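Peer 1: Assemble the complex: chain A is given as a structure, and chain B must be docked to it using the hints.
Number of protein chains: 2
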Amino acid sequence: MSLEEQAVALIGAARGGDERAIARLLRNVEDETDLGLAAWRRLFKDSGRARVIGITGPPGVGKSTLIGRVARAYRDQGRKVGILAVDPTSPLTGGALLGDRIRMQELAVDPGVYIRSLATRGAVGGVARAAARLVAVLDALGYEIVLLETVGAGQDEVEVAAISGTTVLILMPGQGDEIQALKAGLIEIADIIVVNKADREGADQLAAQLRSVLRLGARPDDRGWVPPVLKTVAADGTGIPELLSAIDRHQDYLDRTGQGMVRRQAALRKAVWRELEALLLRRLTRDPSAGSEFDRLVRQVEAGELDPVTAAAALLERLAKLAPARPES
Amino acid sequence: MSLEEQAVALIGAARGGDERAIARLLRNVEDETDLGLAAWRRLFKDSGRARVIGITGPPGVGKSTLIGRVARAYRDQGRKVGILAVDPTSPLTGGALLGDRIRMQELAVDPGVYIRSLATRGAVGGVARAAARLVAVLDALGYEIVLLETVGAGQDEVEVAAISGTTVLILMPGQGDEIQALKAGLIEIADIIVVNKADREGADQLAAQLRSVLRLGARPDDRGWVPPVLKTVAADGTGIPELLSAIDRHQDYLDRTGQGMVRRQAALRKAVWRELEALLLRRLTRDPSAGSEFDRLVRQVEAGELDPVTAAAALLERLAKLAPARPES
Numbered sequence: 001m002s003l004e005e006q007a008v009a010l011i012g013a014a015r016g017g018d019e020r021a022i023a024r025l026l027r028n029v030e031d032e033t034d035l036g037l038a039a040w041r042r043l044f045k046d047s048g049r050a051r052v053i054g055i056t057g058p059p060g061v062g063k064s065t066l067i068g069r070v071a072r073a074y075r076d077q078g079r080k081v082g083i084l085a086v087d088p089t090s091p092l093t094g095g096a097l098l099g100d101r102i103r104m105q106e107l108a109v110d111p112g113v114y115i116r117s118l119a120t121r122g123a124v125g126g127v128a129r130a131a132a133r134l135v136a137v138l139d140a141l142g143y144e145i146v147l148l149e150t151v152g153a154g155q156d157e158v159e160v161a162a163i164s165g166t167t168v169l170i171l172m173p174g175q176g177d178e179i180q181a182l183k184a185g186l187i188e189i190a191d192i193i194v195v196n197k198a199d200r201e202g203a204d205q206l207a208a209q210l211r212s213v214l215r216l217g218a219r220p221d222d223r224g225w226v227p228p229v230l231k232t233v234a235a236d237g238t239g240i241p242e243l244l245s246a247i248d249r250h251q252d253y254l255d256r257t258g259q260g261m262v263r264r265q266a267a268l269r270k271a272v273w274r275e276l277e278a279l280l281l282r283r284l285t286r287d288p289s290a291g292s293e294f295d296r297l298v299r300q301v302e303a304g305e306l307d308p309v310t311a312a313a314a315l316l317e318r319l320a321k322l323a324p325a326r327p328e329s
Numbered sequence: 001m002s003l004e005e006q007a008v009a010l011i012g013a014a015r016g017g018d019e020r021a022i023a024r025l026l027r028n029v030e031d032e033t034d035l036g037l038a039a040w041r042r043l044f045k046d047s048g049r050a051r052v053i054g055i056t057g058p059p060g061v062g063k064s065t066l067i068g069r070v071a072r073a074y075r076d077q078g079r080k081v082g083i084l085a086v087d088p089t090s091p092l093t094g095g096a097l098l099g100d101r102i103r104m105q106e107l108a109v110d111p112g113v114y115i116r117s118l119a120t121r122g123a124v125g126g127v128a129r130a131a132a133r134l135v136a137v138l139d140a141l142g143y144e145i146v147l148l149e150t151v152g153a154g155q156d157e158v159e160v161a162a163i164s165g166t167t168v169l170i171l172m173p174g175q176g177d178e179i180q181a182l183k184a185g186l187i188e189i190a191d192i193i194v195v196n197k198a199d200r201e202g203a204d205q206l207a208a209q210l211r212s213v214l215r216l217g218a219r220p221d222d223r224g225w226v227p228p229v230l231k232t233v234a235a236d237g238t239g240i241p242e243l244l245s246a247i248d249r250h251q252d253y254l255d256r257t258g259q260g261m262v263r264r265q266a267a268l269r270k271a272v273w274r275e276l277e278a279l280l281l282r283r284l285t286r287d288p289s290a291g292s293e294f295d296r297l298v299r300q301v302e303a304g305e306l307d308p309v310t311a312a313a314a315l316l317e318r319l320a321k322l323a324p325a326r327p328e329s
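As given, the protein sequences belong to chains A and B, one line each in that order.
Read in order, the letters of the first sequence are residues 1 to 329 in the working numbering.
Read in order, the letters of the second sequence are residues 1 to 329 in the working numbering.
Honestly, the hints are just simulated from the structure, not real lab data.
Any given hint could turn out to be false.
A pair counts as met if it fits within one copy or between any two copies, since identical chains are not told apart.
Computed cross-link-like contacts, SDA-like style, restricted to lysine to any residue with a CA-CA straight-line distance of at most 20 Å [as the list claims (entries may be wrong)]: (1) K321 to R283; (2) K231 to G291; (3) K321 to L279; (4) K321 to L284; (5) K45 to G260.
Because the structure is a prediction, the values reported are computed rather than measured.
Just chain A, same shape as in the assembly (with noise of 0.2 Å):
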């Protein structure tokens, strides 16, 4: 069978439902393997259908029990639903466990539930790269809410917050005062902040000075939204029905203001730009003289005879000689 035959092979079980397809399919598309590439790209056409909501915060305030409760009642309205987790926990050795999603077992189970967790990798962009490209599959696969769950703060947050339609802040009441810091740059790309395990004390504070702190500034985006925030005992359901309400007062705005189409558009800007930097590697790494020149290119700059924007501006002409005729498969 050709790449593609395979690859046309492979999407038609992963779509009749086939787990070990799905998980198969995944896989590759995460590994980069040609055949990865190949399904990727027959898939992504597809994409676009999801309600694809981005779940972050910082560790301890209760995501995946949230998630968790999110998902099920998605699944009393019947729908398919995906989890991707992108869990940092070992950035290094690429490990993928799923923590403590034990209470995620009853999920599990449900084949209209798909959970997978995303290792980080250690290639720039690469965590972005391919939580966007394993969401546009879940998505191409029928899954019409895919959760997106990230732990921790910083660069890959934004980044993956840019992916999802609606992005949904946890918070708990009771951390410290430079997480709350942290928070101030979550706060920024949240559409909906939920203050979690709002039985403990603090919970109302918290709450009120959200939204104290929404009120000073409008975002860059803004056409009228005011995130909402919330209160919910993931523990025992509390507040769910609300979230839910949230989320889906959320997609009608972005829906009738045209936000989304200017994010999904922004996204997809994104996701172009992080392919052509996966071209680069992917020539890089699998052209023997290219992966030469570049050594070359190093040890001049070590030896102090060429800077690294010069050294740069070389190896973009030589890895952009590799191009083929027609668009490369």
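Peer 2: Chain B only, in chain A's frame:
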């Protein structure tokens, strides 16, 4: 004055200790202005001499206080110290306030110390690229010690650790389980681990836990270095001399085993690769026809007429054609 002459003049003033010139130089390098690029390309060859020490760890563990102590100790040895803080507080606004660094005021008025923060940008790889450049500039300006502070966890930390000769991970007793798990990823990039606030309950247990985790797995670059676990109370200076001598031992290890050279080469490879990405981005933003080609391709992807990989290949071909005959300035 030509751009090159301006760059030479600015570098001369910065080397002469003119604080405003240093600030202007760093700002231009970070903002990637033509002047900044010209200056940075000149300065790069003089870098590689400073001892670059990464200080990382979750929020609230006392990194700023500890950095203040370490900087003070190096100043007492008569060495010039540069401090660069990568602050993720506001990744979207590019805000770069040093936050609660008032405690560093004593250092800030010392002409032998230069403190600066770095905004975490929205661009992929932007933080690591900017951090690498600014470290190289401080290095080339004669700062013998460069302390690089990062907050949070994930991709950024790994990238930034790759810039540092020695990476010090700061933890503290009494944080939650999930935070502990997060640390697992950070432990792999640590050359030295510090349990700060060691006068609190649980410090000995945490140190013992960390030592047993470290015993479990040798890291890929291991040539006999087992990260020591130290206890400090940065607030009163306890343990700082021991930390300095651990840093010295690690530097000796890097020199003795050749690991230092291995790390420097790996960092240079990353630097050249990041410059290649920056080069492409500059061509895209500065050439209007490339910009409209990009828009056209994205619209085709949006319409489902093109997949992102094919679009990326077409864009690369276009950008590569913009290559000047001689290495670009």
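Peer 1: Hint by hint, which ones does the structure fall short of?
Peer 2: 2
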